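K.L.:
Okay, here's what each chain looks like letter by letter:
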Amino acid sequence: MQISFLGKTLHTPMVLASGVLGNNKAILERVWENGCGLPTMKSIGPAPREGHKNPTVIDLGNGMINAVGLPSPGYLNMDEEWQELSNRGFPVNASIYGGSVDEFVRVAEFVSAKGPDFIELNISCPNSDQHGMIFGVNAKSSHDVVSAVKKVIDVPLIAKLTPAAPNIADIAKACEDAGADAICAINTAGPGMVIDIESRQPVLAFKKGGLSGPMIKPVAVRCVYDIFRAVSIPIIGLGGISTGEDAIEIIMAGATLVGIGTAVRYRGITVFDKVNKEIDQWLAAHDTTMEEIRGAAHKEAL
Amino acid sequence: MITQLMPAMVKIAEKEVHSPEFATLYFNASIDFKPGQFVMVWIPGVDEKPYTISHHGPDRLGITVEAKGLFSKKAVSLEPGDKIGIRGPFGNGFNMGVGHKRVAVVAGGCGMAPLAPLVEAFQVADGPDIQLIQGARSKSFLLYPDRFTANAEICTDDGSKGYKGFVTDILIQKIEELSAASAPGFDMVYACGPEIMMAKVFEICESYGIPCQVSLERYMRCGFGVCGACVCGHAVVCKDGPVFGSKMLRTMEDFNTRALLKTGQPVPLNEYATWRCQ
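Protein chains in written order, with this note's numbering: chain V, -15 to 286; chain R, 186 to 463.
No lab work stands behind these hints: they were computed from the structure.
Just so it is clear, the structure is predicted and the values come from calculations on it, not from any experiment.
Among these hints, one or two may not hold up.
What the hints assert, rightly or not - Here are the simulated lysine-lysine pairs, DSSO-like style, with alpha carbons at most 27 Å apart:
id: 1; chain 1: V; residue 1: K192; chain 2: R; residue 2: K200
id: 2; chain 1: R; residue 1: K447; chain 2: V; residue 2: K191
id: 3; chain 1: R; residue 1: K196; chain 2: R; residue 2: K286
id: 4; chain 1: R; residue 1: K268; chain 2: R; residue 2: K324
What the hints assert, rightly or not - Computed far set for chain R versus chain V, every beta-carbon distance over 12 Å:
id: 5; residue: T188
id: 6; residue: E199
id: 7; residue: D311
Glycine included, each C-beta is placed from N, C-alpha and C at the ideal position.
In isolation and in its complexed conformation, chain R is listed as follows (with noise of 0.2 Å):
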């Protein structure tokens, strides 16, 4: 059982390449989890770093790395039969809410991993009308094209793949086919993406009135909302967060404006994200 204390040393049972970008690593492990929570993934003498669950079952879960740094690198380079340590689950998840009718889900990027069990979660009898609408760069960083049943649009910077723009244009243009339709609107949008895809959702769901979740990213450390790495504004991201709703984001100064260094110091976010990209 993976808790939020000791890392717990869990050996990989299985990898899935899915691009030269994306493998996603899965353990057989129990874990109480609910979508849009992370762990803290340890891989000794390298470091230690938050990921989303991006797969889960009873005895099973997925986290989805790309590999983009010193860390992601070694991950994704691990084979079965290696150990790592993880410790969680940290944070709110996202709030699925109750007789949700219609939602969007809105993913760029790497934020499909975090979306990806929760459409899961509401693909099920009785739940909403699901419209995914995942965007990347180009089609190889599409995560997972063949994993739900749900309505996708897709879209690529690049038009290799579905619409050529952003994911944002689609939400605009499927919140106006349903009011131009006279039906029921979304419910809930849900997004995960660059910060400021997401900053660009919340300015459309607040136009529109419609209430949204966002999933921010920041550095931690500790995951559990003591040691202050994380902090957005007066919000803890690892503990408050990384889950955070319309509400929440309206008192957010920092949200797609700052973030911290690893000194501590704020930076404008296109300076923070230089630095995570190393």
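Only chain V is shown next, with the shape it has when bound in the complex (with noise of 0.2 Å):
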């Protein structure tokens, strides 16, 4: 099913979330070919960085809990990575990370001008304790970096939040007034941590981490819900999104495209088209189109 975002047409509303598979063209466009309409890339940095000691990532079955920590070449570093990326036939959303808003406008500029369709602001990672959350639970340091970041680039911006802030529809507005093009939400919730209690140790080297999956999509689903009622600009609704049936969840919620991540990991690269024929399946069952059902959730408060 196809659906326009921002001025660009996407051969399904699904997105591939930011830090899930990578970088490079070829698995990129693997996931494209599986039905993603909109692959992200991971986090790129200002400066190259090798992220946390393993473990990073641990399945608890019902969704997971990762410290990656940000691994990136750093920006100036992507030269073969953009090379490949020059000729491609799919849409890609370049997710970047700073210290600072200067670091993020460093970044921004000059990834904008290596020709990405969108650019994501990751103001929201927990995983290192000098990016990404610091700036997403506070609305006027998200107001700054967007509006800043805003300036440099020629594509449109879409801002990730976190689940941590204490009042996201806040945080959404903020960003809608700096300029941002579309939010993105949700990123891992927490963090949380897990202890192995034989050794006595957190299992993450890094002792806490994001979590993702299943066990997080009802927060996601109210975040969605609660900025959908702040924000007049598009909704990427993701956060344990699985099946056709989380889709249409979160697209009531309020979502305009869905983002999947850690289901990667419980249905195999071929998700995408998974959802998306599950999504078209529900909405004929129903007799009903995605403009008709998005923000549905809405309606009898309206």
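Assembly of the complex is requested from the two constituent chains, each provided in isolation within its own frame, with the hints serving as guidance.
P.N.:
In structure tokens form, the structure reads like this:
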């Protein structure tokens, strides 16, 4: 099912969540061929960064906990990736992060010139004490980053938000006011912790990590619901979406596009095609359309 | 029971020291396993790394470790009674096929570890004829020298045991011998070792029209196909592999050319190998 998003036509409403599967053209293309309308790259940082030591990702059965820690070659060291992506036949959303507004601006300006279709600001990752979430939990700092970046890029800007914000709707509104073209919600929840009781140690080397997958879906649905009431820009809804019915639910909360991350673990790379088909089947069975169900959960209250 | 979820803390039941470089740690635990699959091994406070299962029984498994870096040196210094965390198995393992009459198993160095349970699985009544070709830098790097009953050809780079030269020379020789004798050739060639060796095996197999399977190594994090650390071209090594067959290898442009550093940066394979061997 084709869908129009910020002036681009996507072949499906499915988005690959940032941080999943990586940056090279071959893997992003494979994801796209398997029904993902918009593959998002792993967040690109201001300097080379290895991320945390292992264990970094643990499957808890009903979702994952991870603290990969924003590994990135650094924006100046990705010529090969951009070279390969320059002749792509699919859209790409480039996620970026920084440790200060200046760093965000520097990375954004450079990356924008490499020709991604969208730039996503990661102001929501819980796995670094100097990046990500420290911006996204505060409306003013979110506004500052978005408005500064917006001035130096010429592609649509998507702000990716964290459910750790005290009021995610306020953050979304601040981003919209600062010029964001869309909101992506949510990044991983928590952070949480798992302790191995035999060794009496937190399992993740970073000790704490973001939660994702089915266990956080109600949080994601609530966040998208709140954001939809606060802004008029489109929302990419993600967080625990694994099936067509999950997708329908978050669309009813207000999402225009639907992101998939952890479900790649549970249903493979073909999950995008599967969920897309399940959405179509549900819509057909209920004799309705995407437009009709978007934000439907708000109707009674409005 | 070891599963793919939280690491199970298991006690080292026995340690077998093969040589100054190699030791096998055994655990009395059960795991659903097929040859070629791997587990993530966690030493709390140190790190977590992927290791193939080199020994497997109903309630027992073993992993062979080459003491090379920080983690592996720590692993071989552990003693029976010490506990480590294991989660898995991950990956696809070798496809043993149906009705193979003759197979070749080509191992380079520690590449013998994932192939050993495969050889044992083939060493059954009605199993195929197995031609084992095992190579290493020198004699002390030859893993499990007395483990198999299969026909074995040994080679070392320095000539300290067997033929002085490469496993790939022997593979060509064996293929040619079978052909000259008008005997049925290999139905499948299985290989694990340095990537350049596996690439050469693949090239040889392609030129003779023999299908092959090789087991790749990449830096890994999750082990189950999500994080992207081990991506090789369009393939996810931990999930789609680590064993890849000829058909897939033909389409993997990064096979024997590039691998990702921990930052995610793609680099030539020799640069990657230098980093991994630190």
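K.L.:
For each hint, tell me whether it holds in the structure or not.
P.N.:
Right, here's what the structure says about each hint:
no., hint, in the structure
1, V/K192 to R/K200, "violated (33 Å)"
2, R/K447 to V/K191, "holds (19 Å)"
3, R/K196 to R/K286, "violated (40 Å)"
4, R/K268 to R/K324, "violated (31 Å)"
5, T188, "violated (9 Å)"
6, E199, "holds (20 Å)"
7, D311, "holds (34 Å)"
Violated hints, in rising order: 1, 3, 4 and 5; the structure is consistent with all others.
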